[in-house]
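Asks: Given next are the chains, with one letter for each unit.
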Amino acid sequence: MNLVKLFLSLMVVVLTGCASAPAKKDLSAFNTAAPRSILVVPAINKSLDVDAPNYLLSTLTVPLAEKGFYVFPVNTAKFVLEQEGFYEGEQIHQQPPETLAKLFGADAVLYVTIKRWDAQYAIIAATVTVEFDYRMVARDGTEIWQANQRMQYSPQNSNSGGSPLAMLISAAINAAIARAAPNYLPLTQQANQMVFVLGPNAIPNGPYRKTEQQ
Amino acid sequence: MKNNHMNLVLLLVCGLFLTGCANRGAIYQWGGYDAMLYQSYKNPEKTVEFRQGLELHIAKMEQSKLKVAPGLYAELGTLYLQTGDSTKAVAMYTRERDAWPESKGLMDTLINNVGKRTRTNNEVKS
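Here the protein sequences come in this chain order: D and S.
Using the numbering used here, you'd call the opening residue of the first sequence number 10 and step up by one each time.
Using the numbering used here, you'd call the opening residue of the second sequence number -11 and step up by one each time.
Misleading hints may appear alongside valid ones.
[Stated by the list, open to error] List of simulated lysine to aspartate or glutamate pairs, EDC-like, C-alpha gap at most 20 Å:
hint, chain 1, residue 1, chain 2, residue 2
1, S, Lys30, D, Asp58
2, S, Lys104, D, Glu93
3, S, Lys30, D, Asp60
4, S, Lys30, D, Glu97
5, S, Lys92, D, Asp58
6, S, Lys30, D, Glu91
[To be verified] Ranges between beta-carbon positions, derived for each pair:
hint, chain 1, residue 1, chain 2, residue 2, range
7, D, Ile132, S, Gln51, 51 to 61 Å
8, S, Ser52, D, Pro216, 17 to 27 Å
9, D, Ala175, S, Ser52, 49 to 59 Å
10, D, Ser163, S, Asn100, 16 to 26 Å
11, D, Ala181, S, Thr97, 30 to 40 Å
12, D, Ala43, S, Thr97, 36 to 46 Å
Because the hints were derived from the structure by calculation, they are not lab data.
Heads up, the beta-carbon is just placed ideally off N, CA and C, and yes, glycines get one too.
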């Protein structure tokens, strides 16, 4: 009897645990369009780091393909766009999505705008921030999904030892490391994971994952 | 004894819970594709390693009869094209098209363009 109760209450935990997301956004437009393939185009860059769009581009294929979509090869797509004279994200985002989708034979186009990609330094602390606007548009030009995600990282100062001087030194070293090589990539990967997979606004599974999840 | 049983049930349910929520096992093996692409953007000299890395990974996948992840054949094809090897590029674009029907439109266009370009080059030469 007790076991049954325990089991039931655990089931509730399990069920709510998996579905504990805050109110889901309306995904009916996405589900109606039911894209099989996604074209990821180079991002608009509002940060000061000129390399940010390329670095971001390298992180988008894996989470989307693992979500079950055919993702057009991002570097090949970039190459094709450059052949057409499109080098900058701004230029590409201004093209009608229908035209881009047709050029590649894509069901949907993913546009990302980089809003933050920076590291801010105080004397003994550093904060690395990335923030992206994501927008997916179907081949007929209707927007089917959008999300915003910001991720921040401040090195934790391990207060080992406890002496104020030791803590100060360890904080200074952490800040120096973050300053020398701010590590944007893990933050960017986390942001992608949040919006595509884990967050309340995660996209539905594509055709190549349907068999494993409902 | 009863306690032991409870613990067992608890463990089992926890196990279910964890696998249930983590039902996101990878579909594909990527062979470091994203890291290699990142490195080649960071330092264009690494493009050679990117190409060799993809060659190795694809060979490994084909040897073990595993499906090559979407886009990898085509990315390798483009790297060949950029070094002037149109024959190998077309071979890779063809394999991408055969593996992924969604890529057919783009791959056909690429294959046709490469064909046209090499033909024009030959005409110029002769």
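Asks: It remains to establish, for every hint, whether it holds in the given structure.
Replies: To see whether the hints hold, each was checked on the structure:
1. S/Lys30 with D/Asp58: This hinted pair holds, its Cα atoms lying about 12 Å apart.
2. S/Lys104 with D/Glu93: Holds: S/Lys104 and D/Glu93 sit about 16 Å apart, inside 20 Å.
3. S/Lys30 with D/Asp60: Status holds; Cα separation ~8 Å.
4. S/Lys30 with D/Glu97: At roughly 17 Å apart (the allowed maximum being 20 Å), D/Glu97 and S/Lys30 satisfy the hint.
5. S/Lys92 with D/Asp58: 35 Å, violated
6. S/Lys30 with D/Glu91: Distance ~18 Å between S/Lys30 and D/Glu91 Cα, so the pair holds.
7. D/Ile132 with S/Gln51: 51 to 61 Å: Check passed, 55 Å falls within 51 to 61 Å.
8. S/Ser52 with D/Pro216: 17 to 27 Å: 24 Å, holds
9. D/Ala175 with S/Ser52: 49 to 59 Å: 51 Å, holds
10. D/Ser163 with S/Asn100: 16 to 26 Å: 52 Å, violated
11. D/Ala181 with S/Thr97: 30 to 40 Å: Hint violated: Cβ distance 55 Å, outside 30 to 40 Å.
12. D/Ala43 with S/Thr97: 36 to 46 Å: 24 Å, violated
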